[in-house]
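Taken in sequence, the protein lines are chains V and F. First residue of the first sequence: 1, per full-length UniProt numbering; consecutive thereafter. First residue of the second sequence: 1, per full-length UniProt numbering; consecutive thereafter.
Keep in mind that the hints were calculated from the coordinates and are not lab data. Among the hints, erroneous ones may be present.
[Stated by the list, open to error] Here are the simulated lysine-lysine pairs, DSS-like style, with alpha carbons at most 25 Å apart:
{"id": "1", "chain 1": "V", "residue 1": "K154", "chain 2": "V", "residue 2": "K140"}
{"id": "2", "chain 1": "V", "residue 1": "K140", "chain 2": "F", "residue 2": "K56"}
{"id": "3", "chain 1": "V", "residue 1": "K140", "chain 2": "V", "residue 2": "K77"}
{"id": "4", "chain 1": "V", "residue 1": "K77", "chain 2": "F", "residue 2": "K56"}
{"id": "5", "chain 1": "F", "residue 1": "K56", "chain 2": "V", "residue 2": "K152"}
{"id": "6", "chain 1": "V", "residue 1": "K138", "chain 2": "F", "residue 2": "K136"}
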Amino acid sequence: MAMKVYGLPMSTNVARVLVCLEEVGAQYEVVPINFSIGEHKNMEHTARNPFGQVPSFQDGDLILFESRAISKYILRKNQSELVKEGDLPDSAMVDMWLDVESHQFDRPMAVIIHQCLIIPMYLGGENDGNVVEENVEKLKKTFEVYEARLSKFKYLAGDFISLADLSHFPTAYYLLATPHASLLDNYPHVKVWIADILARPTVKKVVEMMKATA
Amino acid sequence: MGGGVKVYGVAASPFVATVLLCLEEAGVEDYELVGVDMAAREQRTQPYLSRNPFGKIPTFVDGELTLFESRAISRYVLRKYGRTSASSPTTAAGEEDLLREPSTLEESAVADVWTEVEAHRYTPAISHIVRECAIKRLIPGGGERDQAVVDENVAKLGEVLDVYEQRLSRSPYLAGDSVGLADLAHFGFTYCLVECTEYGALVESRPGVRAWWGRISARPAAKKVAAMMNLVLNPLKMPSA
């Protein structure tokens, strides 16, 4: 039976899971969840994700939520080199940089995307300049650390690409659509690294899915 | 075992407490807690930054390997030093509740789910409450409590705990039938909430959550880490009603 992902690809958290499915060549089905009619809060969906968000995921009897937990499951099940499961120090590095992505990159980026893309495009409003500024400063601090790291190693966890790198792509894709894309000019290694990730065939395929449902 | 294992930070930090708790649970006896002078912002200067460029605590060193991010560190500790069903095949009396690495892929995945929930939903809300109500008064120049921030986060944490209540009325631990990192990662902040703020009712008023907290906080390793945290936190002695 094909694995099921509930949600739309335009969601960064859904896209993260989709790229992992593509990487392992799994059979899967995307089941759309219609937020505008409150489908994410109905009993059927909250039975899969009690916080009423997307994605949720089903593989046989196993139901999961939280995109990074789902991603690790998919990759481990298929012995993917993206998680380095058999090597304790390497897998610890992947874990660590994935947590960094989640806390130091995704958090300020989620605010910037909401302020710069969601509010003007979907909510018809104006963004809060102070909030944007505050989060751009946080993002810059993160990029400073990334720049130093990526000057020494090709990828975040080391010289191998991993889930920690790929986990950035949906949010990085949206960053390039905001006025703050030019930030990357100050961090040349980060810029090259993002371009490398976005050029990956599986990532390009999921980006097309993201565009189709935006 | 564990010679050369160092944790940089202070036990009163709930993130450091998570790592200490996992080291204790894994039976690592000879780790060293290396103090960091937070008041002097030692974590924001060299040489600390060369170990952890984000300038936060904890940082962890095990021989050649340096790690930061408390949950990544904790997973590594449990995998390297912890007991597995392979290394502890028979259950001695009193060891039924051993912290073991998940033995199947599915168990691992469910454990990961609830560790993500702790990181994204539980800790962000509870950390604001703990900071405003317990931490600020311990830091010189920490400032006044912002009750609006407290109220907002009490409401958010309540919603999260309602979900936990559903989960914990069906299984003894978030991770499933056995305790795991997903549960223990909650220890530090929950301890602060219950012992050092007036918002312990958030936990105490939900039977499943209360029972779960009772099980976790009764663990010998948890009591040991609590004693380390108490040296700084100075828990409130609330007058009885």
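Outcome of the hint check:
no. : hint             : result
1   : V:K154 to V:K140 : holds (20 Å)
2   : V:K140 to F:K56  : holds (17 Å)
3   : V:K140 to V:K77  : violated (36 Å)
4   : V:K77 to F:K56   : violated (33 Å)
5   : F:K56 to V:K152  : holds (21 Å)
6   : V:K138 to F:K136 : holds (22 Å)
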